[in-house]
Each structure stands twice: as structure tokens, then as C-alpha cells.
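Student: Sequence:
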Amino acid sequence: MGGWQATARRTRDTAGAEDLAGREVVIDPGGCTGWHFHRVPLIALVKSGTLTRILHDNSVVVHLPGSSFVEPAGVEHLHLGRNLGTVPVVLYVTSTLARGEAFSIPAAAPRGATPCSCSGDFA
1 MGGWQATARR TRDTAGAEDL AGREVVIDPG GCTGWHFHRV PLIALVKSGT
51 LTRILHDNSV VVHLPGSSFV EPAGVEHLHL GRNLGTVPVV LYVTSTLARG
101 EAFSIPAAAP RGATPCSCSG DFA
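Just so we're aligned: the sequence shown equals residues 1 to 123 in this note's numbering.
Because the hints were derived from the structure by calculation, they are not lab data. Glycine is no exception: its CB is placed at the ideal position from the N, C-alpha and C atoms. Just so you know, nobody snuck in bad clues.
The list that follows gives simulated cross-link-like pairs (lysine to aspartate or glutamate, DMTMM-like), each with its CA atoms no further than 25 Å apart:
id	residue 1	residue 2
1	Lys47	Asp19
2	Lys47	Asp28
3	Lys47	Glu24
What follows is a list of derived Cβ distance ranges for each label pair:
id	residue 1	residue 2	range
4	Gly85	Asn58	17 to 27 Å
5	Pro29	Val60	16 to 26 Å
6	Leu20	Lys47	16 to 26 Å
7	Gly100	Ile43	19 to 29 Å
8	Asp28	Pro106	16 to 26 Å
Start from the sequences, fold in the hints, and give me the full structure.
Tutor: So this is what it looks like as C-alpha cells:
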């Protein structure tokens with residue numbers, strides 16, 4: 001996986017100090033993220049490619065270039081991102097994370113969902 005990650009420290013003093021973190025995520029054609037969830041909400045912008053998300057309830061949402069979305073926090077919001085297209089999907093993702101916290105937590109497929117054979121590494 002190519003890309004970059006940037007972190008900016010909040011200027012005000014808060015308990016449990018969080019960082020504002022940004023990351024570029026690239027999913028190659030035919031690739032996927034694997035089933036996962038987030039501990040905090042993420043905001044994502046699709047820079048290029050078409051992202052197909054399969055949600056915890058097996059619903060499917062397609063995001064075209066230029067679209068944005070919020071991924072809610074919590075294990076009850078398991079999801080999987082797939083690139084069914086012929087060009088890389090490039091996402092710009094922003095979130096507030098505790099220092100050193102992973103962007104995503106890998107998880108087993110939810111009940112009734114098709115397990116994913118992808119080995120995405122997007123933590």
C-alpha cells in the first residue's frame with residue numbers, strides 16, 4: 001500500500017489528548033480493505049476510482065470520485081471496502097485519534113456476510 005500519513009497536534013489542552021490525523025489510502029483494482037471497524041468516526045473523500053462499500057447489514061454503497069462520506073465508530077458498524085474497477089481507488093481519510101491508535105481494527109465478517117479473502121493492511 002502506498003500513501004502518506006500526516007498528524008497535527010491540537011492546540012488546546014484537552015483531557016485524553018487526541019490528534020487530527022490524515023491518511024491517503026490506495027486500494028488497487030480487485031483489492032479490498034478486509035472487514036474492519038473504527039474506534040472513532042472517519043471522514044473520507046474519494047479522490048479517484050470507484051469505492052464499493054459493503055456494510056454490516058449487507059447493504060452496498062457505491063462512492064464515485066469526488067464524493068465523501070462518514071464512517072461511524074464502533075464494532076456495530078463493520079464494513080468492507082472493495083475496488084471492483086480497473087483503476088486504483090484513492091481515498092483521503094481524516095479522523096481524530098489518540099496518539100498511536102490504529103485507523104482501523106480488523107474483524108471477522110458479520111453474520112450472514114460473505115467472508116473476504118482480501119488481505120488488506122489499512123490499520
